[in-house]
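Chains as they are written, first to last, in this note's numbering: chain C, 1 to 587; chain D, 1 to 438.
Everything labelled a hint here was simulated from the structure, so no lab data went into it.
Keep in mind the model is a prediction, meaning the values are calculated, not measured.
Treat the hints loosely; a few may be bogus.
Stated by the list, open to error - With a straight-line Cα cutoff of 25 Å, these simulated SDA-like cross-link-like pairs (lysine to any residue) come out: (1) D:K44 <-> C:R46; (2) D:K369 <-> C:D484; (3) D:K260 <-> C:L353; (4) D:K422 <-> C:D509; (5) C:K551 <-> D:K369; (6) D:K44 <-> C:N28; (7) D:K273 <-> C:F103.
Here are the chains, one letter per residue:
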Amino acid sequence: MQTQTTGKVRGIIANLVTIEVDGPVAQNEICFIHLADTRLMAEVIRVSGKSVSAQVFESTRGLRVGDHVTFAGHMLEVQLGPGLLSSNYDGLQNNLTTMDGVFLKRGEYTDPLDREKTWDFKPLVRTGDTVTAGDWLGEVMEGWLVHRIMVPFVMTGTYSVEKITVEGSYTVDETVAVLKDEKGTSIPVTMVQRWPVKRAITAYKQKPRPYKVMETGVRTIDTFNPIAEGGTGFIPGPFGSGKTVLQHAIAKQAEADIIMVAACGERANEVVEIFTEFPKLIDARTGRHLMERTTIICNTSNMPVAAREASVYTAMTLCEYYRAMGHRALLLADSTSRWAQALREMSNRMEELPGQDAFPMDLPAIISSFYARAGIVELNNGELGSVTFIGTVSPAGGNLKEPVTESTQKATRCFYALSQNRADRKRYPAIDPMDSYSKYLEYPEIIKYYEEKLGPEWIDSIWEGKNYVRRGKEAYEQINILGDDGVPLEYHINYWKSELIDFIILQQDAFDSIDASTPMERQQYMYTKIIEVCRQAFEFEDFEECSAFFKRLINIFRQMNYSEYMSEEFKRYETDIEELLSQKVQA
Amino acid sequence: MAQAFQRIYTRLEGITKATVALNAQRVMNDELATVDGRLAQVVKISGDLVTLQVFGGTEGIATNSEVVFFGEAPSLHVSDDLSGRFFDAYGRPIDGGPEVEGEHREIGGPSVNPYRRIQPSQIIPTGIAGIDLNNTLVSGQKIPFFADPDQPYNQVMATVALRADVDKIILGGMGLTNDDYLFFRQTFENAGKLSRIISFVNTTDDPPVERLLIPDMALTAAEYFAVDKNEKVLVLLTDMTLYADALSIVSNRMDQIPSKDSMPGSLYSDLAKIYEKAVQLPSGGSITIIAVTTLSGGDITHAIPDNTGYITEGQLFLRHDTDTGKVIVDPFRSLSRLKQLVIGKQTREDHNHVMNTAIRLYADAADAKTKLENGFDLSDYDLRALDFAKEYSFQLLSIDVNINVTEMLERTWKLFAKYFTKEELSIREDLVEKYYGN
Chain C
1 MQTQTTGKVR GIIANLVTIE VDGPVAQNEI CFIHLADTRL MAEVIRVSGK
51 SVSAQVFEST RGLRVGDHVT FAGHMLEVQL GPGLLSSNYD GLQNNLTTMD
101 GVFLKRGEYT DPLDREKTWD FKPLVRTGDT VTAGDWLGEV MEGWLVHRIM
151 VPFVMTGTYS VEKITVEGSY TVDETVAVLK DEKGTSIPVT MVQRWPVKRA
201 ITAYKQKPRP YKVMETGVRT IDTFNPIAEG GTGFIPGPFG SGKTVLQHAI
251 AKQAEADIIM VAACGERANE VVEIFTEFPK LIDARTGRHL MERTTIICNT
301 SNMPVAAREA SVYTAMTLCE YYRAMGHRAL LLADSTSRWA QALREMSNRM
351 EELPGQDAFP MDLPAIISSF YARAGIVELN NGELGSVTFI GTVSPAGGNL
401 KEPVTESTQK ATRCFYALSQ NRADRKRYPA IDPMDSYSKY LEYPEIIKYY
451 EEKLGPEWID SIWEGKNYVR RGKEAYEQIN ILGDDGVPLE YHINYWKSEL
501 IDFIILQQDA FDSIDASTPM ERQQYMYTKI IEVCRQAFEF EDFEECSAFF
551 KRLINIFRQM NYSEYMSEEF KRYETDIEEL LSQKVQA
Chain D
1 MAQAFQRIYT RLEGITKATV ALNAQRVMND ELATVDGRLA QVVKISGDLV
51 TLQVFGGTEG IATNSEVVFF GEAPSLHVSD DLSGRFFDAY GRPIDGGPEV
101 EGEHREIGGP SVNPYRRIQP SQIIPTGIAG IDLNNTLVSG QKIPFFADPD
151 QPYNQVMATV ALRADVDKII LGGMGLTNDD YLFFRQTFEN AGKLSRIISF
201 VNTTDDPPVE RLLIPDMALT AAEYFAVDKN EKVLVLLTDM TLYADALSIV
251 SNRMDQIPSK DSMPGSLYSD LAKIYEKAVQ LPSGGSITII AVTTLSGGDI
301 THAIPDNTGY ITEGQLFLRH DTDTGKVIVD PFRSLSRLKQ LVIGKQTRED
351 HNHVMNTAIR LYADAADAKT KLENGFDLSD YDLRALDFAK EYSFQLLSID
401 VNINVTEMLE RTWKLFAKYF TKEELSIRED LVEKYYGN
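Build the full structure now, drawing on both the sequences and the hints.
Spelled out as structure tokens, the structure:
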């Protein structure tokens, strides 16, 4: 047993503190700086001889040289156990709900889990069973969700179950099982375990390539550039292009068991919107309130910068924990640029040689290893669990040629570029159909999945649709240069076909109760209809007749989007469309 | 500032244009001091070597200058007596009045727990249709004017402040010209509302680094009235670009590596710390921030407006409209992110539809104008759209408009009826029946 390392503050610049230590310290170890009657949490980020640099997760106002520091002997950890779901945490997993007062108090750390509450535990193993890290020992109901109590992830090697408690009510800290290691040592296990957030939880058998699609209800994503369950995607866009509205739409509608919202360095009022609305809104798939499947990790832009970096790791770790129970978790991080900026601030204070735009040199490596933690996994017992990760990026000046966007683009498989031009023209969601892509469309596993689920033509029709959009864009440019009369009529028809796809499939009204979310069945129905129209040859007198015709067509299709699927109204509009089409389609 | 805490040193080890360094013990981070009588703050401690940022600049400071440490961070005396007073960046009266007595409160205090905030829901009417109709302000919002230096942003801001239904107005002036300072003072005085206005002013005559204290001073006063007194407080910050420039001066003197546009890497966090003080509190008190960020040649990709745009809840653009000769609030580039929380709820049901349709028609006019410039023929619709745009700009977008929201809606409906058919509006049918041509 080693004695606790302590130290004294030697230097302070903003939230970077140098400490002289009297014993061993580890990189990323947590320490506490004693200031009057509070303790400020900090993380070791550089060690050089007896001098240690630490980033403080709080304001360092009032700190002096000589202040006492104690080292915790572990990295930044979270507590994992029942009660995480529907909680509101800060970046260090302090429960925001149980904090006193209107203002955040420096050095106030609240318990992430309720220690008094009891959970109805049901054992899943028997005495004598052999188990390894991540195996399910029992389960409790966390609201509607089955929450598995697992062999702690830190326990390497194999164990035998010496004792498992009987079914009954227990608090999280009561021993529910005793495991015996190979040397015969007994280890008591409770419902709570701890895990260092910067390490990935790998207590699973294997991580296959993603092979199924995660529905988001957002047509331009699901139909044109789908994201796989366990996949990665990112949304870069200048301010005002609708990043947050899009992320909130995905949070509301995505086909996942658990949504982890990491509000990383963004506006507090946006989190307040989730706090206010999610407990009221109903999840269309399950009929439950959205808050019942949501956990919020909130480190808004005015909260301490170092904890901003911690917040994305905390959120990822909670997702991995639920993945190990066999659940589908979706992590939404808004915005990863703020996280990168937090890294930049620290790197700058440590006087490291800067990379591009003064970001740290290892930024691409940090981003890619973080995105690599997502994925669908096969657990030891053969069950599947997944973490899907969509991050937003806030590129400086809206210019995508900057380090965070470029690094993220290399690390992710889906790219949803928000275009200022589309946002200006109120074409929401402003995802640019040409610049954006989903690599999953090329995965043989996904192609096969689509063949089985939506039929053999589906994938081809996606490429066909994208081609109509591309052709329309080219036609539009020509029309702009040469004038309406200066181009063949065919150009106008191509342009309007792409507008049809844009208005009916790509654009979606996030504030309309019906249009906001489109299930896949409806998406397939509408998209197939639109593609059929695009395949037709049309006859028009002139371009004015052409644009008038398509405007009418778009208007009726739009009414369809606003109507209940397969309702009387919906079908009536469908008949109107057929009638209109029959007038102009070439025999 | 009790004498017992003061510690005095008389030997400086280094001097730059904005900082001094000396050997001192038991110094606190962020602690306030004076160097040769000038206020300074601890910004870096390395062993016994302490670096102080001297707000007034270091011209003429000698190595044997007296340095006095106060044992506390910069602070402000807060009480109801702040009302109607003018202060400098250190919170000292500049209006000839007495020092303010009251609780001693550190500036730049902690943030509100996001879970304790409530969703903003009260409109702040200004009478300006470009704002109330298209970019409605909401109590607890933070929003800047993005304006070129030649635009009358301070005048518009003063107008907004005086018309807004709030309990206190707090002006934080950074790098104000003396003329602008006097303009604000006279405008407030003439309006007879001086008693509910508090000003913290740093003029162009004052050292630029002092500006760094202004927003924190103004917001500490704002928090006193909003949190302790449950009042609705409006904070005006002008000009935040000069604030950011001061940040870059200091970071440069401290040998920090600059990021985009020579701004410090922490610019986003520095600005967010100020703007995020805007809040709606459950007790009814609120802080609303209206700021000015001057642009250089309308470039919003520069680091200062860019970072600001990511932090604030929208932005207001002013533009000279050549067709009408008026200064208007640009309907395309302006945005209020919180408007959805009040329009159609605190205003009439047709607000959202009228707003969107008018802007769409205004955009059609812009397209028609381009067509005209490119030598293409204009259709009848194009001509009508152009006429509509001119009247819309004159009667509604112009900043000299002062009417209530219902009047704005009615005025717009009149223009709709004058220039467009019902079909061309494509507004929900029941609303058209109710308001078109009535």
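The hints, checked one at a time:
For a cut-off of 25 Å, the pair hint linking D:K44 to C:R46 stands: about 18 Å separates their Cα positions. With a CA separation close to 16 Å, the supplied pair D:K369 and C:D484 stays within the 25 Å bound. A hinted pair counts as satisfied when its Cα atoms are at most 25 Å apart, and D:K260 with C:L353 qualifies at roughly 16 Å. Restraint check for D:K422 and C:D509: satisfied, since their Cα atoms lie roughly 23 Å apart, inside the 25 Å limit.
With a CA separation close to 22 Å, the supplied pair C:K551 and D:K369 stays within the 25 Å bound. Restraint check for D:K44 and C:N28: the C-alpha separation of about 23 Å stays at or below 25 Å, so the hint holds. Note on D:K273 and C:F103: the hinted pairing holds, with a Cα-Cα distance of about 14 Å set against a maximum of 25 Å.
The structure meets every hint from the earlier list without exception.
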